[in-house]
Each structure stands twice: as C-alpha cells, then as structure tokens.
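Q: Single-letter residue listing:
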Amino acid sequence: MELEICDITRQYKDKCAVDNVSLTLTPGVWGLLGANGAGKTTLMRMIAGIQKPTSGCIKYDGIRIEALKEGYRDIFGYLPQEFGFYPGFTVKDYLEYIAALKGLTRKETKQRIGTLLERVSLKEVKNKKISRLSGGMKRRVGIAQALLNEPEVLVLDEPTSGLDPGERVKFRNLLSEFAHDRIVLISTHIVSDIEYIATCNAVMKDGKIIATGKTEELVQMVAGRVWSAGIDGRELGACENQVMVVNVYNEGNGNVRLRYLSDAPVIPGSDKEEPRMEDLYLWLFPESAGKERM
Amino acid sequence: MRRLFYLELRRVVTTRTTWVLMTAIILLSAVMAYFPVSFVSAYQTDGQGNVTKLKGTEAIRYLKESEAGISGEITEEKLRQAILSFQECYRQYGSAFPPELPMEIYVEKIEPYYPVLKMAAAVLAPEGVWLETMTDADISPEDVPQFYEKYRERMTERGKTEEEQERIRKLNEEVKTPFTYVSGFSSESLDYLILYFLLMLFAIVMILCPVFSAEYQTGADSILRCTKYGRIQLAVVKAAVSVMIFAVTFLAGTGIFLLVTNLVFGTEGLKTSVQMINSVFVIPALTAGQTQAAAAGAGFLSLLSTAGFTLFLSARCGNVQDTMKIALPCCLLPTIIYMLSSANVANIVRALLPSGGLGLMNSFLYELLGNNFAHIGPFTIWMPHLILGAAVAEIPLFFILAVRTYCRREA
Chain A
1269 MELEICDITR QYKDKCAVDN VSLTLTPGVW GLLGANGAGK TTLMRMIAGI QKPTSGCIKY
1329 DGIRIEALKE GYRDIFGYLP QEFGFYPGFT VKDYLEYIAA LKGLTRKETK QRIGTLLERV
1389 SLKEVKNKKI SRLSGGMKRR VGIAQALLNE PEVLVLDEPT SGLDPGERVK FRNLLSEFAH
1449 DRIVLISTHI VSDIEYIATC NAVMKDGKII ATGKTEELVQ MVAGRVWSAG IDGRELGACE
1509 NQVMVVNVYN EGNGNVRLRY LSDAPVIPGS DKEEPRMEDL YLWLFPESAG KERM
Chain B
48 MRRLFYLELR RVVTTRTTWV LMTAIILLSA VMAYFPVSFV SAYQTDGQGN VTKLKGTEAI
108 RYLKESEAGI SGEITEEKLR QAILSFQECY RQYGSAFPPE LPMEIYVEKI EPYYPVLKMA
168 AAVLAPEGVW LETMTDADIS PEDVPQFYEK YRERMTERGK TEEEQERIRK LNEEVKTPFT
228 YVSGFSSESL DYLILYFLLM LFAIVMILCP VFSAEYQTGA DSILRCTKYG RIQLAVVKAA
288 VSVMIFAVTF LAGTGIFLLV TNLVFGTEGL KTSVQMINSV FVIPALTAGQ TQAAAAGAGF
348 LSLLSTAGFT LFLSARCGNV QDTMKIALPC CLLPTIIYML SSANVANIVR ALLPSGGLGL
408 MNSFLYELLG NNFAHIGPFT IWMPHLILGA AVAEIPLFFI LAVRTYCRRE A
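The listed protein sequences correspond, in order, to chains A and B.
In terms of this note's numbering, the first sequence opens at residue 1269 and continues consecutively.
In terms of this note's numbering, the second sequence opens at residue 48 and continues consecutively.
Do not rely on the hints blindly, as some may be mistaken.
Label pairs and their computed distance ranges (CB to CB) [stated by the list, open to error]: (1) A:Val1437 x B:Asn366: 20 to 26 Å; (2) A:Val1437 x B:Val60: 36 to 42 Å; (3) A:Glu1555 x B:Leu387: 40 to 46 Å; (4) B:Trp66 x A:Glu1555: 47 to 53 Å.
Quick caveat, the hints were computed from the structure, so don't treat them as lab data.
Built from N, CA and C at the ideal position, the CB exists for glycine as well.
Produce the entire structure from the sequences given, and follow the hints as far as they go.
A: And the structure:
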C-alpha cells in the first residue's frame, strides 16, 4: 500500500500554495507539520481529490487517483479543517447519511456507527442535533464520519483542534490502533499529537516539503541547539530578545528556567537538552512564535 | 442508491424551509381555488319585479338553471333566438343592459343568452363593435347561417402575415363546430390557476436554491465529495429528490386546486368549447376541461424547467444568497420582457427562458388563448408550441448541467 505524491503543484492567481511536492506515504501515521499558510490544507485537499493540482499527480498503488475514481474514494476517509453539518441532522442521522454515501450496507452502518459513537464518546448525544453540540463534540462527529468506512487512507486536517486534553489522548489512542496497515496523514498545530503517534513526519514550508523522516531523525536537525538555563525572573524580557524561548518554567523564589534555541549557549550556566518536535517546529517556523531565527 | 435517495429525501423534507413552503403552497391551493367562486354573480327576479343579486355558489347554481336553454351545441336556432331577444330589448329600451333596460327584463331576456350573445357580437358585428356597444342594426338573425364560416374567416384574419394566417387556418381547422356551451365554467378559475403557479414558482425556487450551494457555503461538500457516492451519484440523487419534492408539491397543490374548482363549479362545464370561455377568437380545438389540463400540464413543464435551471444555478453559485439573487429575477424575466416589448425577438427570448410559460400576462395559457407567433428564420411558430418545446428541451439540459457542474466543481 502506497500513496505517491508526484511533483504536484497548485498555483493560485498570485500564489503557489503547493510547489512541486513529491512524497511517498506508506502505512503508518504521518504527521504533516507546517505553519499557517504553508500549504498543508491545499496538499491534503489534493490528496482528497477535491482540488486538482495545477501539475503533477497523486497515485495510489501506482494508479492515478482520478483514474481510480470511486475505487479510491471507497478506501478514503477525510476530515477537513472546517466543514459544515446539516443543522437539522442528529449525530446518528448524519452518520447514517455519510455511511450511505460511503456505500455501507444497513448492517455495516448500524454496527460501525455503534462502535464509533462509543469510541469517540458520543453515544449519549447520538440523538442530539449536531447544531447543539459543543465544538469538541462536533469535531468528534467529524472524526467518526471519516472512520466510518474503515479507510485505508485517512487524511485528517487539524483533527484535535477544539478537543480537550482528555479527548486528545483518547483520539491518539484510537488513531494508533486504527493506523495499523493503513496510511494516516495528520496535520496539526499541536506538535505533541504528532510526537506521540506519528511514525513519520513531513515538514512543509512555503508550499514545499523541506524535510521528511521519523520524529527521532527530524529532531536531530536541532540537536545541539536546545538549551536550558535558570535565570532571575526580572531578566526574562532581556533574554527573550536575545534567544528564541521555547518555554518558561517558574521555579519559585522569583527564578525561572528557560528552554531556548540557539546555535551556541548564550545564557551563562546553560545545559544542553534533548531536542523535541516542539523545538524543531520553532526552529523551522520562528515566525509562528513571532520571532526571527537568532 | 435507493437508501441514499431516501436519506436525502428525508433530509430535505425535514428542513424547516422546505416543509413550511411545501405545506403553505399546498394549503394555499384550496384558498386560491375558492376565490373565483366569490366573483360569480347573477341577478334573479321573484316574479313580482323584485331583483336580487346572487353571489358565489348560489349564483353558479342559478346560472346553470337560467342558462339551461342554451346548454349543449350552439345551434343556429339558439343563435337566432339570442339575437332576436337582444334586438327586441334594444328596440324597446334603446339598450340591452341596465340601467336603460329594466333589471327584471335583463334577467329574463338577456342573462340566459349572454354567453351566446357575446360570441355572436364578436363574430357578426362590425369590427370594433362588441356586445356592450352593439346596436340592433349591427347584428341580424339573417347572418346566423354564415356564423361559423364568418368565425373561421375572422379567426384567420387575426394573423398579421400570410404565414401566420396559414398557421391559424391549419390549427383552427380541427375546431369542432357548432361550439358547445355548458354553464358552470369560470375563466377566472384559469386566471387563478396561473397566479397559483406563479406563487408555486417562487416557493419551488426558494426550496431548491440551497440544494447544492448550501453545501458549498457550509463546507459540507468537502466531506461529501470524498465519499464513494459523493460525486455523480449524489448529484443525481439530489436532482431526483428535487424533482420528487417539486412533483409532489405540484400534484398535491394543483390536484387540490382543480378538485375544489371542479367540485364547486361542477364538472359538466368542462365540456364547454374554449371559444365560449372568454373570447371566441381562440385558435385550438379544446374544451374548457382540456384547456384546464393543458394549462396544468404546461405549468408542470415550465415549473420543472425552472426547477432544473434553479438547480443549475445552485450548483454554480458559491452560496444560497447568490443563487437566489439570480434565480428569482430570472423567474420574472419573461414577464419583464413581455411588459417592455412585443417585438419578435422579445417574444422568442421570453418563450425560451425556463419560466417562459409562467407569468401574469405572458403565461402559456394566455398564449394558448391568444394568437401570437414567433418568427425564427423561415419558421412561423405559434407561441404555445415554442414555450412547450423550449421547456421540454430545457428540462434534461438543466438537470444534466446541474449534475455536471456539481461534479466538476472543486470543493
């Protein structure tokens, strides 16, 4: 099983949203990392077949997805970043409707909806109108619909936005279990989600894939650049101007401990730290923290 | 696919706008069908010279009794009697209508012959003279044997060109003479049927505008398009559900309308020749009942064609508001064109528009009862034929375009 993205470009009037991207996705959870406007959503929509590339193609097991048509959509699940529900539908109505669109039989529909509602903790609200659900619940309905047909290729755009930490943990477990022998592509701003479950990552910047690899491999890009140091809390402002601060931990007594990125230790008494995905993210996308790389 | 059709139907029907509009338009049919009843009036005398004005169902019942003498084929004898009665009144009172003519005389001598007199005046009186302005010298019982011959001659003269006259002659050949008249049919009920179709048009457009565009607007189609049956099958199902909703609304609404009309006015009046309804100079060979059926059938086709056009717009526009902003004015465009111009090009354009058969003054029915022709190249086409032809061609065209536009659109 292989999803091959071959030199795809998506050009809008004055912007190249996806620029000559090539990537081969194999079974496992793939994290797609990138700042806002990096082209992640456009790439995912092209994989979903709802946007056409200006050039290039996407192949599933060697066959172009346009040629596979229904055959591709039959093994595909998609959760867009933003999507609408029918206001009059209950959770169950909606899932039944999507199940019919996915070609599930009545028996399969009943069984799958029952299982999924339990897995995404929506069983109690199955007869509630979707319009009356909270943002997190709506998101879980979206996740459930994407999993209805047990897709071989699952693309989730920001699936955890709006979920509380408990729900996120549940979602990660569900996905890890589900991803066995399937291709799952997730884009998220919540780097820890990817860190926990992604077997491989692709990093996107300005429409291009700038790096791919396992989490351990990717974080090596910032190996030797992650430091921590204890400082007086009053010096924090000055330090923030000097280095790219990843996080600040309050140690009490007016002292704070900084985790920062820098090619070399800048603050006296700095200790070298093990790099994490969050460090890599900030290193690659300093603008997301409102900084320029130091 | 059957399950998808059922689920989509359930989804659309349970949408508040849909069921409110559907219920309203179906219920409105009974109200609108009953309106023309209130317009019927007749005068009755009690034998002592007292005249009472009857209205509604009482008037309908009374007119049926009073016009019993002319019921059936309008023979030469009936025409002669009607003219003689008119002349007698006119000569004695200087007019055949109140106030000059005493009401009790009018009720006795004119009212029972009114439909025949009206028709006789239109055919036999000089051009530009009609029953209310006609004198006893304008019409003579001696002209009666040539009545139907003169009718066909004058009918043909309505054509503005030789081609039109030839077309009228051909179309009018099948009109059976003598005409038939059976009291009880109201031309107002046809007018109200047309008005009802116009209101139904707006309701249907409002129901169908969101079919595709609401999905784009909310982003729901991003998910739908990624499903196995989310492209052509879903588009076809949506179109089929739209047709179903329209058909049910139309059949229920029109069915109730015709049922109420024909129950109140009576079905016997449906046998009346269309030439006896309003104007005698009507081209086709139809009875009132057939005219009613033709108006309903053409209404169905024009509404279905507009439904297809609305779906196409819905598949094309990014949101419901834009769809409505285009669809609603487009529905009124034939009426606007009719009011602005009666030129040949204007006639062709309005007939070709999806709602070409619907409107207050420009509907299929008025074209059926009129004698307008469109000239396209060497062809002279009677307007009702052009309207029907356009609707029949546009129905599959717009539905195919709607499905194709939805499938080709990027989410």
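Q: If I claimed the Cβ atoms of B:Trp66 and A:Glu1555 lie 47 to 53 Å apart, would that claim hold in this structure?
A: With a Cβ separation near 51 Å, B:Trp66 and A:Glu1555 satisfy 47 to 53 Å, so the hint holds.
Q: Has the hinted range 20 to 26 Å been met by the Cβ atoms of A:Val1437 and B:Asn366?
A: 38 Å, violated
Q: If I claimed the Cβ atoms of A:Val1437 and B:Val60 lie 36 to 42 Å apart, would that claim hold in this structure?
A: At 41 Å between Cβs, range holds.
Q: Could you say whether the range 40 to 46 Å given as a hint is met by the Cβ separation of A:Glu1555 and B:Leu387?
A: 59 Å, violated
Consistency note: the structure conflicts with the earlier hints numbered 1, 3.
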